[in-house]
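Engineer: The residues making up each chain are set out below.
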Amino acid sequence: MEKVLKTPLASPKPDEEVGNGMSKREAQKIRMQNMNKAEIAYMRRSRLFAVVWPIFRFLILLGLCFIIVYPLIYMLSCAFRAPEDMSDPTVMWIPRHFTLSVIKDTMSVMNFWDTLGTTIFLNVGCSLVQVLSCAVAGYGFARFKFKGRGLLFGIVILMILVPTQVISIPQYMLFRYFGPFNLINNPLCMYLPAAMGCGLKSGLMIFIFRQFFKGLPKELEDAAYLDGCGPFKTFVKVMVPNAKSSFLTVFLFSIVWYWNDFYVSSTFFTKNQTIALMLKNLSTLLSQALFNNADVSPREQIVWMEAGCLLAIAPILIMYIFLQKHFTEGIERSGLVG
Amino acid sequence: MKMGYEKRKSMYGYGFIALWFVGALVFFMIPLVQSFLYSFQDIRPDTGGMVGEWVGLDKYNYAFNVDPNYRQYLVTVLQTTLWKTPLILVFSLFVAVILNQKFKGRTFARAVFFLPVIIATGPVFNIINGNMASTGNSDASQFSTMFSTDLLGELMEFLGIYGISEGVQTTIDTIADNIFGIVWNAGIQILMFLSALQNIPVSAKEAAQIEGATAWEYFWKITLPNVSPMILTCFIFTIIDSFTDPNNVVMGRISDLQMDWKYGEASAMAWIYFSIVLVAIGIVTLILNKFIYYEVD
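Line by line, the protein sequences are chains A and B. Per the numbering used here, the first sequence starts with residue 1, numbered consecutively. Per the numbering used here, the second sequence starts with residue 1, numbered consecutively.
Just so you know, the hints here were simulated from the structure itself, not pulled from any lab data. Glycine included, each C-beta is placed from N, C-alpha and C at the ideal position. Careful, some of the hints might be misleading.
What the hints assert, rightly or not - As a list, the in silico DSBU-like pairs of lysine-lysine whose alpha-carbon atoms are at most 35 Å apart: (1) A/K325 <-> A/K218; (2) B/K221 <-> A/K24; (3) A/K233 <-> B/K221; (4) A/K24 <-> B/K7.
What the hints assert, rightly or not - Examples of chain B residues toward chain A, derived with CB under 7 Å: (5) K9; (6) A111; (7) N226.
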């Protein structure tokens, strides 16, 4: 107690610098003696907030994370249990009869490896060319002034707004009678639009790239121009390396959208088998393969359906886990800000 | 002949967008115009293309007055969008503000919250939703059954708002029942708000601290004005996302008609729907633009 009284009151410097040997609490007490009522109230409030808020935040996040992760846990729990566990009321999360047979059944029904191959071939390829074409267009909109730019960018906005369903019939006819060719069932009818910046949600991607390139400093290009680079060389050599994180983000979006798309692939392909399409028809496929076409309630199919979901998202989930860090960081720099 | 620098640059601009422009013309603009024309025609496929007979506004008349479900579907979708959009926006802003703070496990929390972006767009979401519904596990009551009490009811009783009025009660119940859908549809909006939050100038934060602003005041005076341009973007995105979701009933009806080769009807419905979306977005933009705060450089 005596020691405290000896120390100078309310030093303007932080306690560590003064080195008066007070504990933080004591220093706080002394400082508060010199404050007026409003200041003290403010400090009390902010300190109370600092203590209570993290607890609340933790609870809120825990609850919401639970809602998000819940279906995944449910999937995992269902996919590895024997069907009879579904009607066993004592089984909540941990299956009593652990089995791999459900997963195996589902894989054979979905023709999993072939389907995966087709999906990856369409998906990754389209995503790659789409990202490239959108980046080029986005750069054009971001950095060059030309007549009709506003009007043309209006088309980009329109592309974001118009749902695919509105234009799918004329598009179908276009591919059916593409000059002398019939492109239905040909991968080209997904690759061509993607390569020309008109694939799935391309408008949104051009928009993101434009915002991003607008945010990069102009000096980057000016330096390159002075060194005698043409605009295309500048784009490839200077801008692209600077936009890595943005590229990664958009690429991930693109992969996810193509992966989950069943509308476009079911419109332009009559016998195509992508994962999303398989999953959509899984219920029918299951009753054909496992129940001899008998009319089964969805309840009896749950284990296989959940296993199908798990199989369908597993590749993307694994990719996400590996790229997650770049993904969440990339978004912050991707120029999504409007 | 040598062109001026500005002119040459504009030529390069055309060069950069040329590929996209050709693509947009062939794969987007022409089909768009065609589908608009289809909506006035009796259309059927023939070798070499579509043949149509001009029937004027017949198909629009069909959509509104003959089709048994279309009008009702339209109202349903509009209603759902109307109450879901603000909820998603408020929720995603709230989560973004939380995720923007520094705390332990933030990276993990972010990874979890972006998970719906990866999964929620596909048929997976339907199956999850459908399955959980068929086991009675889709809504808030699932949590109650897990802890074998009516948690939500007790919470409301605790807060003293149980049974205040029928309206409040229903609203809270609806929100609680749909929390799953809201959380799962908010992924991209959370991302967008998060990136906007990170662009709030540090100087604003410091000034607020020196002036002694509470977290509450800080949110209303600093955070909200700064993210307001993003609110508009998110609003539009949410509306489009909800309207163009292949799982909503109007989209389902349009697809069904296309399967039946009724292209004229399908096109007319699609165009009615599309113009409603456009008008809705236009109105929202006009209203929100009054409240948006743009940082003046």
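Engineer: Evaluate each hint against the coordinates.
Structural biologist: Right, here's what the structure says about each hint:
Of the pairs offered as hints, the one joining A/K325 and A/K218 holds, with about 28 Å between alpha carbons and a cut-off of 35 Å not exceeded. About 32 Å separates the Cα atoms of B/K221 and A/K24, which keeps this hinted pair within 35 Å; it holds. For the hint pairing A/K233 with B/K221, the CA-to-CA distance comes to about 46 Å; that exceeds 35 Å, so the pair is violated. Proximity of A/K24 to B/K7 is assessed by CA-CA distance (about 67 Å); at most 35 Å being required, the pair is judged violated.
Because the smallest distance between the Cβ of B/K9 and any Cβ of chain A comes to about 6 Å, under 7 Å, the interface hint for this residue holds. With a least beta-carbon distance of about 5 Å to chain A, the hint placing B/A111 at the interface is held under the 7 Å criterion. Checking B/N226 against chain A by beta carbon gives a least distance of about 11 Å; that is not within 7 Å, so the hint is violated.
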